[in-house]
Amino acid sequence: MRYLASLIAASLLLAGTSHAEEHEGRRLAMPAKVSAAWKTECGSCHMAYPPGLLPGRSWNALMDNLSHHFGSNASLDKGTEAEIRQFLLYASSDRDTRPAKAAPGERIVTRITDTARFADWHEEVRADVFRRQSVGSAANCMACHRGAEQGNFDEHQVRIPR
Amino acid sequence: MSRLFLLLLAASLAPPGPGRLFSRRTAAGLRRGSTPGFSGFSAERGKELYYRRNTKDGKAISCASCHSDDPRRSGMTPSFRKIGPMASAVNPERFRDPAKVEKWFRRNCDDVLSRACTPLEKGDFLTFLTTLR
Numbered sequence: 001m002r003y004l005a006s007l008i009a010a011s012l013l014l015a016g017t018s019h020a021e022e023h024e025g026r027r028l029a030m031p032a033k034v035s036a037a038w039k040t041e042c043g044s045c046h047m048a049y050p051p052g053l054l055p056g057r058s059w060n061a062l063m064d065n066l067s068h069h070f071g072s073n074a075s076l077d078k079g080t081e082a083e084i085r086q087f088l089l090y091a092s093s094d095r096d097t098r099p100a101k102a103a104p105g106e107r108i109v110t111r112i113t114d115t116a117r118f119a120d121w122h123e124e125v126r127a128d129v130f131r132r133q134s135v136g137s138a139a140n141c142m143a144c145h146r147g148a149e150q151g152n153f154d155e156h157q158v159r160i161p162r
Numbered sequence: 001m002s003r004l005f006l007l008l009l010a011a012s013l014a015p016p017g018p019g020r021l022f023s024r025r026t027a028a029g030l031r032r033g034s035t036p037g038f039s040g041f042s043a044e045r046g047k048e049l050y051y052r053r054n055t056k057d058g059k060a061i062s063c064a065s066c067h068s069d070d071p072r073r074s075g076m077t078p079s080f081r082k083i084g085p086m087a088s089a090v091n092p093e094r095f096r097d098p099a100k101v102e103k104w105f106r107r108n109c110d111d112v113l114s115r116a117c118t119p120l121e122k123g124d125f126l127t128f129l130t131t132l133r
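Chains A and B, in that order, give the protein sequences. Each residue of the first sequence is one higher than the one before, starting from 1 at the first, in our numbering. Each residue of the second sequence is one higher than the one before, starting from 1 at the first, in our numbering.
Once the Cα atoms are required to be at most 30 Å apart in a straight line, the calculated DSBU-like pairs of lysine-lysine come out as:
1. B/Lys56 to B/Lys100
2. B/Lys82 to B/Lys100
3. B/Lys56 to A/Lys78
4. A/Lys33 to B/Lys82
Think of the hints as simulated: they come from the structure by calculation, not from any bench.
Please work from the sequences and hints to get the whole structure.
Put into structure tokens, the structure is as follows:
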């Protein structure tokens, strides 16, 4: 009896996850309480990329190297840096808080647009569409996903500019 | 040096007007400090800095590349973020928080000039943008 109940529970749980999986793009788990420092600091040069778009170690790698951030100086004071790092790690895609130390042969991705997930999501989007003047680059999520900064990537609300 | 710059910034928070921007104390401090022959900030030199072109990773870059050729208009970063106008005459939000001003001088001077800006350059830059009509 117990066993049967646990089976039912397990299958319900499974149904739950596959449902969530299917609608992943609707709302990329954004914490209810958003760090104001993250919003201003990480949203001044480009859109503030929601923390759920990268695993924890990628965020750690980015936060370790802000004075050489993709060719830009994005350095912060220690206090703000620590606050933002914590926010990003807590809400990262895998909640992994280990430091960004790559194992031999491993590469820690720092671009969202270099992740396997990004490629999966955009399997049907041709590369030249990302290069359109009206889009700019694949990293400009907002060009096609208007709610991107709120973590909304619902595929039914995507609008690709001409 | 940093106290001096704070004075300069504090003074820049006063209502704009060329005569009142930077206090006499600031000027005196700068003269005593690291800048020999200092005799006041210059909007003309600030303007020259704003448009000065440098080469970075094979591309031309200047303060104007992000902040727009006309500081009274909005600019845009290469990563697609709109930046409000830099001239305080059209954007009253400008240069109000000394920590913010310092942070961006630190980053942007490094990006464009590959070095820190001097207090004189900072004062000139702010003078240009706070007196521009």
